[in-house]
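Undergrad: Chains as they are written, first to last, in the working numbering: chain F, 3 to 145; chain G, 387 to 1040; chain D, 5 to 182.
Bear in mind the hints are in silico, worked out from the structure with no lab data behind them.
In this text the structure is predicted, and so the values were computed from the model without any measurement.
Errors might be hidden in some of the hints.
Below are the DSSO-like pairs computed for lysine-lysine, each with C-alpha atoms no more than 27 Å apart in a straight line [to be verified]:
| # | chain 1 | residue 1 | chain 2 | residue 2 |
| --- | --- | --- | --- | --- |
| 1 | F | 89 | G | 653 |
| 2 | F | 108 | D | 157 |
| 3 | F | 133 | G | 920 |
| 4 | G | 653 | G | 721 |
| 5 | D | 157 | F | 89 |
| 6 | G | 768 | D | 42 |
| 7 | G | 653 | F | 134 |
| 8 | F | 83 | G | 897 |
| 9 | G | 721 | G | 860 |
| 10 | G | 653 | G | 920 |
| 11 | F | 89 | F | 108 |
| 12 | G | 920 | G | 906 |
| 13 | G | 768 | F | 108 |
| 14 | G | 501 | G | 1019 |
| 15 | F | 108 | D | 27 |
| 16 | D | 157 | G | 768 |
| 17 | G | 865 | G | 1019 |
| 18 | G | 906 | G | 865 |
| 19 | F | 108 | D | 67 |
| 20 | G | 721 | F | 133 |
| 21 | G | 897 | G | 865 |
| 22 | F | 89 | G | 768 |
| 23 | G | 768 | D | 27 |
| 24 | G | 865 | G | 653 |
| 25 | G | 938 | G | 920 |
| 26 | D | 67 | D | 42 |
| 27 | G | 501 | G | 653 |
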Amino acid sequence: MKLSKLFILILTLTLSFSVLAQRAPVQEPLVFESMLQEDRFNQLTLELRCLVCQNQNLADSDAPLAHDLRAEIHEMLVAGKTDDEIKQFMVERYGDFVLYRPPVQKNTYLLWLAPMALLLIGGLVLRSSVKKRAALLDSSPTE
Amino acid sequence: MTVELGQVSLLAALLTALTLGLIPMIGTYTGNRRFIAVSTTAALIQCLLLIISFGILTSAFVVQDFSVEYVARNSNSLLPMHYRFSAVWSAHEGSLLLWELILAVWIAAVALFSKRLPEIFRARVLAVLGWISVGFLLFIILTSNPFGRLIPSAVEGLDLNPLLQDFGLIIHPPLLYMGYVGFSVAFAFAVAALLGGEVSRDWVRWSRPWTLIAWAFLTIGIALGSWWAYYELGWGGYWFWDPVENASFMPWLVGTALIHSQAVTEKRGAFGNWTLLLALSAFSLSLLGTFLVRSGVLTSVHAFASDPTRGIFILAYLAVVVGGSLTLYAARAPKMIQGGGFAGMSRETFLLVNNLVFTVMAAMVLTGTLYPLLIDAIGAGKISVGPPYFGLLFTWLLVPMVLALPIGIYSRWQEDTASRLIGMVRWPLLASLAIGTVVWVMQPTLGFVSAAGVTGGAWVILGSLFYVGQFQFKKKSLKIPGSILAMTIAHMGLGVFLVGLSLTSTLSDEKHLRMEAGDKYQMSGYTFEFLGTKIVQGPNYTANEGEFIVSKGDEEITRLYPQKREYAQRGNMMTEAAIDPGFTRDLYVSLGEPLDQSGQAWAVRVYHKPFIRWIWLGAIFMMTGGLLAAANKRYRRKMPAKAPVKTEAKEVTA
Amino acid sequence: MNSRIFPLLGFAVLVVLLVVGLKIADQKTNLPSPLIDKPVPVFDLPVLANPGQTMSAESLLGKFYLVNFWGSWCVTCRAEHPVVTQLARLNAVYIVGMNFRDESEDAIAWLQRWGDPYDVSLIDYDGRVSIDFGVYAAPETFLVDPSGTIVFKHLGQLTWDIVETEILPRLANTESGS
Chain F
3 MKLSKLFILI
13 LTLTLSFSVL
23 AQRAPVQEPL
33 VFESMLQEDR
43 FNQLTLELRC
53 LVCQNQNLAD
63 SDAPLAHDLR
73 AEIHEMLVAG
83 KTDDEIKQFM
93 VERYGDFVLY
103 RPPVQKNTYL
113 LWLAPMALLL
123 IGGLVLRSSV
133 KKRAALLDSS
143 PTE
Chain G
387 MTVELGQVSL
397 LAALLTALTL
407 GLIPMIGTYT
417 GNRRFIAVST
427 TAALIQCLLL
437 IISFGILTSA
447 FVVQDFSVEY
457 VARNSNSLLP
467 MHYRFSAVWS
477 AHEGSLLLWE
487 LILAVWIAAV
497 ALFSKRLPEI
507 FRARVLAVLG
517 WISVGFLLFI
527 ILTSNPFGRL
537 IPSAVEGLDL
547 NPLLQDFGLI
557 IHPPLLYMGY
567 VGFSVAFAFA
577 VAALLGGEVS
587 RDWVRWSRPW
597 TLIAWAFLTI
607 GIALGSWWAY
617 YELGWGGYWF
627 WDPVENASFM
637 PWLVGTALIH
647 SQAVTEKRGA
657 FGNWTLLLAL
667 SAFSLSLLGT
677 FLVRSGVLTS
687 VHAFASDPTR
697 GIFILAYLAV
707 VVGGSLTLYA
717 ARAPKMIQGG
727 GFAGMSRETF
737 LLVNNLVFTV
747 MAAMVLTGTL
757 YPLLIDAIGA
767 GKISVGPPYF
777 GLLFTWLLVP
787 MVLALPIGIY
797 SRWQEDTASR
807 LIGMVRWPLL
817 ASLAIGTVVW
827 VMQPTLGFVS
837 AAGVTGGAWV
847 ILGSLFYVGQ
857 FQFKKKSLKI
867 PGSILAMTIA
877 HMGLGVFLVG
887 LSLTSTLSDE
897 KHLRMEAGDK
907 YQMSGYTFEF
917 LGTKIVQGPN
927 YTANEGEFIV
937 SKGDEEITRL
947 YPQKREYAQR
957 GNMMTEAAID
967 PGFTRDLYVS
977 LGEPLDQSGQ
987 AWAVRVYHKP
997 FIRWIWLGAI
1007 FMMTGGLLAA
1017 ANKRYRRKMP
1027 AKAPVKTEAK
1037 EVTA
Chain D
5 MNSRIFPLLG
15 FAVLVVLLVV
25 GLKIADQKTN
35 LPSPLIDKPV
45 PVFDLPVLAN
55 PGQTMSAESL
65 LGKFYLVNFW
75 GSWCVTCRAE
85 HPVVTQLARL
95 NAVYIVGMNF
105 RDESEDAIAW
115 LQRWGDPYDV
125 SLIDYDGRVS
135 IDFGVYAAPE
145 TFLVDPSGTI
155 VFKHLGQLTW
165 DIVETEILPR
175 LANTESGS
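Construct the complete structure from the given sequences, taking the supplied hints into account.
TA: And the structure:
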């Protein structure tokens, strides 16, 4: 690799950070009316995905968009919105992608059912195989 | 020393690996003993060549040879010496070389320590490992050469990613890879057994210590990664169900199933096919993990820089290795039921339940990890599958396992009765219920699920301890058999982990607040006083270091010094949390952003995390148990040159 | 059937999925907007050139218009600027510049330096409207039809190719249709 390429690499590194160079978002810690409200806030931001990050929730992200969305969620909580309404607000704007807990719907039936189905099928296979073994035991008395 | 030598020795290693894969394998079919004998030599030479290659790359880092592109990208003249060593495996190319080096070490170890095995079988194992090595060496040489030069040479390096400038990252990758790669040995034993066509239970006995060691390394490797995330990322989380974490967790889950099914197959001769399949799967999942992490098909926090050609290469490799071994399995795995019968209530059944749960867990993690990709691929939208999904299903799948585990410990092989077992476990059961209740009454905020988790953890710990106790009592001797001690320690590890997980997930407190010098904040009985910040100069960074006095009542407990670092070369900001670790609780403070121009006010995160250490303590127990089990004397017993194939197989057509 | 072939079959399915996954790997950050075919979010924002005056979504009803989210801090916006300028020269569509999370003086200086392709620029200072549009990176571009419905969205740098294949045909089609 030539040095010029290395330079481009450095440039792209800086470019990818341009999203961080926006007008500084509000960094002040949010103030809550009650412990319950704070718990709800923590739970909500844990389950919502930061869209500009690689794979982070809203609670942990330092991206400006995450700051703004946290402020938005805080405001909605104070305004008395329910958790579902807040999630709905996010989904209307960013789609199901924003939810870390995928809703049970047509394109997630398989996701939610597969482990249970596997457990069931595996359990049945296990039962039949144990039965076969038990039969084997009956036919040949123990050593 | 020139780095080109490193590349030459990589090429030489490739030729050696080809020799290792080819010559002894031919020997085992033609009966040429000189061909067979090549395996040991080739294995050792390959290892030596990779040590040289790896050593040369390391020395390029130590002497800061910025004419090497990989060094220029991942190091800097200010980088402290100990990080120059770990910088070798901080990015894609070098970490692959580490992967390959560890593989070569495992191969050399098999060559040195399995002289007791039948000659032909041993040669086949080594040859299979040789082929695995060929694939990885080709991958490194063709797509990921760490020895490429920069012309003209760079004056200064870009520096090591600050996130990786940390003790945890020095030891986490080598241990994790020891586990990942170690499963290749169990894989090779299984393939050699299939090739030989005589899938007796002997191969299982021979492969058990190797599997146990790999599993122990993987356990501690994963735990270290989790510990690192906890103290380095600055928000107190220790597991995120990120694709990269899942990639290491899947082989662990299948590996755990494997070490249990090996017990059934070795002791009772039963379920040989299932054990074969698990041995193939554990390593296959390690390879799948490598693909997921390095190909860029999934979005992850800690993915390597992705490159489609690399993705295609690993996928092709995966298809050959896994597809080939599964084809062999389909063609050669025995058709008849092996081993004796057993009753529905028997140790065999309990171990099968263990296997069912662990396999379903692995399948669940695989489904959740790949599901967004599946939905995207068929054009059904974009969705995310995150911690709420994995956490929920994982918790539910733990229930049957935790309930059954202690009973399984007491159960006898072949046949047992429910009434005897209930009689055996009634005391640990009652005691753990009592403990769970007391803890819940003392900490009502715990909630039902966590109280049940504590009870389950106590049930596993006490059940294990009582078993050892009654064993002692009956034998009237102080000596506990090694295998039982190993099992007990590993199982107690699960219990300790469960207790830690349950307590920390509901009793933790956290607060994100604004603090100015002199401010105090009370949390969970502790007072955190912020004394202000000062500028601290590190070797390659400048930091704002805060000082906090933590006290309980009038007594000062500790002082914490969290930092907000700015690394000179890359200019990125890093949060360095300060933690006061403890057996029953961690106190954790991290600095956010300054909130005013003068630097008086700071955003501060304060955490109180009860029993969080128990999560990693559990992993240490498990690792210890695994290593103790591997050290068991019976694996070192002399074996006959040609192992007699004990046929307990009942000829029943399936 | 030989049940020992099932693992191999399962693995084959997995490989197919991974091959497809590798093919679409570079598009994985490109999220479809749930706002397509939905009414444009309500807004009423100050005009950059004259902050005393505001412009609302309602006042834009009845014609096609493009909403282009940009900021002076956004490097990619600078990169797509020539394309927006070229499109503006065609006079084919009314272009609203949505200056978000930016300081107005920086924005004005940016337009003076590189040229102002926008028919109007609005100030979304705290990014509220950008959240309503589901914007998560810059630049993002939305095409709104005369009934006030979002018919197209593009994430990231606008290219002339996209203008020709996605934006211009939509303007022509619906006009002849209605």
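Undergrad: So if I understand the rule, the pair passes when the alpha-carbon distance is 27 Å or less; does residue 67 of chain D with residue 42 of chain D pass?
TA: holds (16 Å)
Undergrad: For residue 865 of chain G and residue 1019 of chain G, compute the direct alpha-carbon distance and say whether it is at most 27 Å.
TA: holds (15 Å)
Undergrad: Can you confirm whether the C-alpha distance between residue 768 of chain G and residue 42 of chain D stays at or below 27 Å?
TA: Holds: residue 768 of chain G and residue 42 of chain D sit about 18 Å apart, inside 27 Å.
Undergrad: Is residue 768 of chain G close enough to residue 108 of chain F, meaning Cα to Cα at most 27 Å?
TA: holds (13 Å)
Undergrad: Please work out if residue 653 of chain G and residue 721 of chain G have their alpha carbons no farther apart than 27 Å.
TA: holds (20 Å)
Undergrad: Does residue 108 of chain F lie within 27 Å of residue 89 of chain F when you go C-alpha to C-alpha?
TA: The given pair, whose Cα atoms are some 19 Å apart, holds under the 27 Å limit.
Undergrad: Residue 83 of chain F and residue 897 of chain G were given as a pair; does the straight-line alpha-carbon distance stay at or below 27 Å?
TA: holds (23 Å)
Undergrad: Measure nothing beyond the straight line between the CA atoms of residue 108 of chain F and residue 67 of chain D; if it is 27 Å or shorter, mark the hint as holding.
TA: Not OK: residue 108 of chain F and residue 67 of chain D at ~37 Å, beyond 27 Å, violated.
Undergrad: Between residue 938 of chain G and residue 920 of chain G, does the CA-CA distance stay at or below 27 Å?
TA: holds (25 Å)
Undergrad: Below or equal to 27 Å on CA atoms is what counts here, so check residue 768 of chain G against residue 27 of chain D.
TA: holds (16 Å)
Undergrad: Regarding the pair residue 133 of chain F and residue 920 of chain G, is the alpha-carbon distance no greater than 27 Å?
TA: violated (71 Å)
Undergrad: Keeping to a limit of 27 Å between CA atoms, is the pair of residue 108 of chain F and residue 27 of chain D held or broken?
TA: holds (25 Å)
Checked against the numbered hints given earlier, this structure breaks hints 1, 3, 9, 10, 18, 19 and 21; the rest are met.
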